[in-house]
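Peer 1: Take the sequence shown: its letters are residues 1 to 246, numbered as in the UniProt record's numbering.
Accuracy of the hints is not assured; some may be wrong.
Unchecked claim - Derived DSBU-like pairs (lysine-lysine); straight-line CA-CA distance at most 35 Å:
1. Lys-106 with Lys-121
2. Lys-103 with Lys-121
3. Lys-121 with Lys-191
4. Lys-42 with Lys-191
5. Lys-172 with Lys-42
6. Lys-42 with Lys-121
7. Lys-103 with Lys-172
8. Lys-106 with Lys-42
9. Lys-106 with Lys-191
10. Lys-103 with Lys-191
11. Lys-42 with Lys-103
12. Lys-191 with Lys-172
13. Lys-106 with Lys-172
To be clear, the hints were calculated from the coordinates, so they are not data collected in a lab.
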Amino acid sequence: MRGKRVFIVMAWLLGIGLVVPLAAVECVYRTALSRVPALPQKVTGPSLPAAWNQGAWVHSEHTATLRVHPVWPSTVIFTLAKGVLHEPPSRSTRDDAYPPGFKLAKLVARLWSHQLSNEYKRAPGALEQLALTLWLTRNWSAEELLAFEAHHLWFGRRLFGVSAAADAMLNKDMAQLDHSDVAFLLATSEKSWDVECDPDRLRRRRDALLEGLAAAGMVTQAEAEAARLAPWPLASTAAGALCTER
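My request is simple: use the sequences and hints to build the entire structure.
Peer 2: Quick look at the structure:
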């Protein structure tokens, strides 16, 4: 009888030890989320081409399956525990540590935070952005995250959004984009000044993205190689004194 009581007490203590951290994480999340002035709205409009969704997903998540894993308190604690108990991770190991869709949700949270800073004159802090990231993983699909990113990406030259960039830079409608176009636009969005100032560096980033698509099985190696060898979509127009060292 005494042994049974001890077992019950131990089980109760173990349950408390599990519930308290989970509740604390959820409480911090809800408090931080309540400080975000406004939540983002899903983008409506024409569907993105499959090539863009595939390329942008691989660029962000380095996986082939477009699926967002909701981040709950247990996910946070498990991820933190892995980081504490394991050796310092390599870059590939760090990528694997994040649930699918987390990095894309983090990017969307950053894009939205930038908009909020312009509208409310106060950018959400790091904890608030993290809470927004978690909220996005719980409430948005992969396609919805990709649509928001595509609509708000900056490509330089006052170009916001994939549709505007495809028209101005490639003379194409968004629906006509292939994987080579997508890799070029994603590489441009990372450092838009490279179009004029360092096209070779831009080409290397584009080629790395194509290789990532091939590794994820989105395109074949032959298709990736053909895209690399295709004529460069833009002529080099170095801007001389405007191209300072960056």
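Peer 1: Determine for every hint whether it applies to the structure shown.
Peer 2: Hints versus structure:
no., hint, result
1, Lys-106 with Lys-121, "21 Å, holds"
2, Lys-103 with Lys-121, "25 Å, holds"
3, Lys-121 with Lys-191, "26 Å, holds"
4, Lys-42 with Lys-191, "26 Å, holds"
5, Lys-172 with Lys-42, "25 Å, holds"
6, Lys-42 with Lys-121, "23 Å, holds"
7, Lys-103 with Lys-172, "29 Å, holds"
8, Lys-106 with Lys-42, "15 Å, holds"
9, Lys-106 with Lys-191, "19 Å, holds"
10, Lys-103 with Lys-191, "19 Å, holds"
11, Lys-42 with Lys-103, "18 Å, holds"
12, Lys-191 with Lys-172, "21 Å, holds"
13, Lys-106 with Lys-172, "29 Å, holds"
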